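Student: Make a model of the complete structure from these sequences and hints.
Number of protein chains: 2
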Amino acid sequence: MPTGAPNRIVVAAVTPSVDGGRYPVKRVVGEPVDASATVFADGHDELWVVLSHQPPDEKGWVDVPMRATNPGLDRWGGRFTPRVRGIHRFKVVAWVDHFSSLAHGTARKLAAGQDVRSELLQAATMLETLATSGPRREAELLTAAASRLRAGDPTDLDDPGAPDRPSATELYRRRLRRADAASSRVVEVLVERERAAFSAWYELFPRSTVTGGGVRSSTPATTGTLRGVIDRLDYVGDLGFDIVYLPPIHPIGRSFRKGPNNATQAGPDDPGSPWAIGGPEGGHTAVHPQLGTVDDVKALAVAAQENGIELALDLAFQCSPDHPWVTEHPEWFRHRPDGSIQYAENPPKKYQDIYPLDFETSAWHELWEALLDVVEFWMDAGVTVFRVDNPHTKPFAFWEWLIERVHRRDPDVIFLSEAFTRPEVMHQLARCGFTQSYTYFTWRVSKPELVEYALEVSTSPSADEFRPSFWPTTPDILPWHLQDAPLEAFAVRHLLAATLSASYGVYGPGFELGDNRPAGNGKEEFADSEKYEVRHWDLTGPSLRDQISRVNRIRNEQLALHTTRTLHVHDAPNDQLLVYSKTTHDGPDPDPAAPHRNPVLCVVNLDPRSAQAALLDLDLVALGVDPSRPYQVHDLLSDQHYTWQGHHPYVELHPSEQPGHVLRVSQLPEALLPHDGLA
Amino acid sequence: MPTGAPNRIVVAAVTPSVDGGRYPVKRVVGEPVDASATVFADGHDELWVVLSHQPPDEKGWVDVPMRATNPGLDRWGGRFTPRVRGIHRFKVVAWVDHFSSLAHGTARKLAAGQDVRSELLQAATMLETLATSGPRREAELLTAAASRLRAGDPTDLDDPGAPDRPSATELYRRRLRRADAASSRVVEVLVERERAAFSAWYELFPRSTVTGGGVRSSTPATTGTLRGVIDRLDYVGDLGFDIVYLPPIHPIGRSFRKGPNNATQAGPDDPGSPWAIGGPEGGHTAVHPQLGTVDDVKALAVAAQENGIELALDLAFQCSPDHPWVTEHPEWFRHRPDGSIQYAENPPKKYQDIYPLDFETSAWHELWEALLDVVEFWMDAGVTVFRVDNPHTKPFAFWEWLIERVHRRDPDVIFLSEAFTRPEVMHQLARCGFTQSYTYFTWRVSKPELVEYALEVSTSPSADEFRPSFWPTTPDILPWHLQDAPLEAFAVRHLLAATLSASYGVYGPGFELGDNRPAGNGKEEFADSEKYEVRHWDLTGPSLRDQISRVNRIRNEQLALHTTRTLHVHDAPNDQLLVYSKTTHDGPDPDPAAPHRNPVLCVVNLDPRSAQAALLDLDLVALGVDPSRPYQVHDLLSDQHYTWQGHHPYVELHPSEQPGHVLRVSQLPEALLPHDGLA
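Chains as they are written, first to last, in the numbering used here: chain A, 2 to 680; chain B, 2 to 680.
Please note: incorrect hints may appear among the correct ones.
As the list makes no split between identical chains, a pair holds if one copy fits it or if it spans any two.
Said to hold, decoys possible - With a Cα cut of at most 27 angstroms, we get these calculated DSS-like pairs of lysine-lysine: (1) Lys-350 x Lys-110; (2) Lys-524 x Lys-448; (3) Lys-350 x Lys-524; (4) Lys-110 x Lys-524; (5) Lys-351 x Lys-524; (6) Lys-92 x Lys-524; (7) Lys-110 x Lys-351; (8) Lys-60 x Lys-92; (9) Lys-92 x Lys-299.
The hints are simulated quantities; they were obtained by calculation from the structure and are not laboratory data.
Bear in mind that the values here come from a model prediction, so they are computed numbers and not experimental data.
Tutor: Laid out in structure tokens, this is it:
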């Protein structure tokens, strides 16, 4: 029936979409895309709207019906779930559905007792026109329906059809032609492996892997090595981490080397900061002689993989004054009027041990290629994950190019952005391809702060472009609230990081040992920071090892904790009790009334010093629980079981016992209730 | 200094923008464009950001500096004010400002007592490079500044310059090349004449212009004519309206003609609905013989113009069964299986007196051209404004085409969209080019409803695409709250419509006479509606004439009431007192701290039956008033003067006296205060 008249439908405001489609939406395999759009036409005709999506490397499009989720605002929604990695595409496609319009109008006339013979003839004619082409089986069905309509039988107008017998409405819609549809622009969805969104990181300094007392020195006898990291893998594996991340392992500059506690003068045995990269022994593709060799890196990568752990290296694209590039490629640096190379500074502060690379050099292209070579060098050594130091001080276009080039070779390589800066800059790096990003979690302490921030990063539009990684501390940051704080405070921060966010990390072993000594310089820094000296940790003392390994095991077992996107916050009349739940994404439809699967409910006591209690105010709908019947909660941390009923269970948490509950929530089917004698 | 390295700056999220730039932003001459954008780069360099705009038919771009309005979120803002009609263009353009970066870093080093000789040499070199090209005067200034810097004098780094002597910073910025800038996409701004946004409409039925008792008949002796409308222009002019709008003036169909009160049978003398267009005498380009001739329309347009009034006709693109097109162009209509033409319906309701045009006809192009011919026919007769009946039942693409074609010939033609439907559809019509739109004001009655709706339509993004017109009633709508309501209720609705919205209209003379009789059919319809019969109004009785003419005069005199966009709502602890103010747009900068000009403060008593009083809670900043000193308010409605001080003046309003205050707010300069004996 198309007549060539211009399309009557508007399709607009499609979500998800990142920067109007300039960058892909991010998902991992199995994580659904809940698409929505504003779709409407003139007049009062019915519309037929589908979510049309295309997996990578396929030519065809798969259509999923969309439904009016907010008819008053003309919003339509639909879901598809990518099952393979790569760039998926989707668009919203809509037609005027003349058959349904006629059918619904006829139904209203019938209800009013009006003569509808003319309408039935119209409908019959529409179907007969379709029956002149297409598959024979369909033509038969169409002809049969048309005959019934001609005979005055309106049944086919609201026939729902059956799996083996499509309805007239369904057959009509099947014949709608793409050329006659209105369509949104195509949105790209970058679908990555699950670890892109779900990961537990453990950071350690290889030179600090010799255990024992507090010796500080860089003599070989007391300096840990990459082999020492291999020995530490059992420990890390017991803790349940899946990525082990090493700060830079390269030769360290001598010029302006920093001493302990960031002293401007280093003693002869002071090891210097690993981020002052490069010396006579080499630069970004060399290994510090005291740590080992490139072969040791390869051995470590293999050993880690055998423990189910991936190896992450640091990409700190800057040089010490002793880096080979300083003499080989002076054109990659900025020069001062006296011919010397410009060191890093944040006026009036000077960082003379660091030469930034000059990304505005006219030799920028050679520089970019050299930096790509660095990444590929370590990929060749078995490295699959990179933590990128200060990416926000290098151009966005560079990262977009680098990550695209790396992913062309191996789409599974993960990049973590260490940019603690303004939100737009952090998000732009994520849009440019960074897989994960450090966050403000480190400084979100109170319940309202945590709720606001966790909800922000777990929902669209943030969650479509930016995957958070929650870190309680880093070598640079001992936040105020952990300075001189008890081990219980570290336990709280660990539990929050590991359950609020699907990706998190700890900087060990200081973290699990509760290293809480501030530098005392009025900043959020550690005393005797490993950045400037070798530390020998005593792993035998009080530690969060047990909690960490339990929580990581729970994370692995509970699929609800594999995502950040289903976070739901519940009320509790106590400012120290933070209550939230997550579920899995199961189900083909984003219908909020659909049952929520595999719920995990967390109740965290934010107060590391005092017991806190409350009658919670649970949203049982979000947990898929019928409030009229009891439900079972199993604390996976303490292995305690409770039976609750209603919205207001009583919870009391003692810091000395556990920082919170991680509760598997389930409700027996009605037939299996205890009163049947079965539970 | 550019090296060809990829641009480091991101420019995103530019506002205003309609549907990502698909449609132009709307403004009128003199109405500023407050543009903002998210602009940032990697690293810590200073940025130089300008709002670059281009008037119609000009090749060059004018740059206005933008400033960081929210540095934490990297938002920048700037303003330009279009002074001529037509399509203006703007974009946000940004550079890394290396000179300012160096200057600010050097200032911080100086403050810390550091040696900055190297920095001064760097700055000198930058200026010397610029001095090798460009205007001689600039080269001299640059060379002189460089010499001072080389001599160790840092003054030029933070020199603000002077009107006749640009600073080094300014000269550096002047030399930044477009080719090295990051730029947003270009946004189009359609700038129309002031009446597009500021207008007072008066609707009347020409056939009801014979005054006197309640005679209902269509015999020539008692039927008003277009000449009668000319006679009525003095009345309309006294009321202060600037657009007089006539429902369809065309021949009316006989077939299925509706009788009084929408009766399905019409008597022989019943005149029928003017919206059942077309009869043996002609169609959309004919005039009903009882009303007059096309020449009468021309005479009316001229006479109106002499009274400062524009003539608006109704565009109702539908036909009676007797319209010439039904036989001349049956292909423009949809046909039923029995060959008859499909009448309008909203099942189970039938409108057999109306044949909709079929915009899905294969002859759509001829149909579109015929409808354009109709519009151009009436433009030739002097019509400059069209009120479009039910535009939402015709395709958006048609309206976009039609309005564009009309505006190619005369960009000043105004189209008012009569679409009372879902908000997305109403806004899409506005995006497609409708100048003004009917709104939900008709049904917004309570204070919270009015506040929410008025703020919505007065601010971005709505106000960038959709210009509201507030109507208390229409021939189709006597809202519940005005049914059987006193004249004071009509007064309240008039005052609200005329002061909340820059454009409004009344359907007279029933409105000013307080015609409040409902049809009694459970709908929001008038009894004895003029749609179906001739009414003879008695203009001598109680009327809102005085209020209407006063308010329209105040609207014309007070420039703050010429815009809907500066609306500011003030608090008042009384749910029946609605308090709001407007100001003019003066000032080059959208700085909220800039003084607000020409404030008009309205206090409206929403209760037409009882006096209401309160101590208001005024936002004096929005009124540009210093709270520490008295200020003067002049009630332009009652011509009373008051002197107030502080945020909480007492206001008491009696419906029998006036529906509200319309207050000109002013404050004498400090030196002219009463205690100086001058006031």
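Student: Have a look at Lys-60 and Lys-92 and pick one of within, between, both or neither, based on CA distance no larger than 27 angstroms.
Tutor: within (14 angstroms within a copy, 38 angstroms between copies)
Student: What label fits Lys-110 with Lys-524 when the C-alpha limit is 27 angstroms: within, between, both, or neither?
Tutor: For Lys-110 and Lys-524, only the inter-copy Cα distance (21 angstroms) is at most 27 angstroms; the intra-copy one is 76 angstroms.
Student: Using 27 angstroms as the alpha-carbon threshold, which applies to Lys-92 and Lys-299: within, between, both, or neither?
Tutor: neither (44 angstroms within a copy, 51 angstroms between copies)
Student: I want to check one pair: Lys-92 and Lys-524. Are their C-alpha atoms no more than 27 angstroms apart within a copy, between two copies, both, or neither?
Tutor: neither (50 angstroms within a copy, 42 angstroms between copies)
Student: Is the C-alpha distance from Lys-351 to Lys-524 at most 27 angstroms within one copy, between copies, in both cases, or in neither?
Tutor: within (17 angstroms within a copy, 78 angstroms between copies)
Student: Should Lys-110 paired with Lys-351 be assigned to within, between, both, or neither, using CA atoms and 27 angstroms as the limit?
Tutor: between (82 angstroms within a copy, 10 angstroms between copies)
Student: Within, between, both or neither: how does the pair Lys-350, Lys-524 come out at a Cα-Cα threshold of 27 angstroms?
Tutor: within (15 angstroms within a copy, 75 angstroms between copies)
Student: Is it within, between, both or neither when you check Lys-350 against Lys-110 at 27 angstroms Cα-Cα?
Tutor: between (81 angstroms within a copy, 8 angstroms between copies)
Student: Within a copy, between copies, both or neither: where do Lys-524 and Lys-448 come within 27 angstroms Cα-Cα?
Tutor: within (24 angstroms within a copy, 51 angstroms between copies)
Violated hints for the displayed structure, listed by number in ascending order: 6 and 9.
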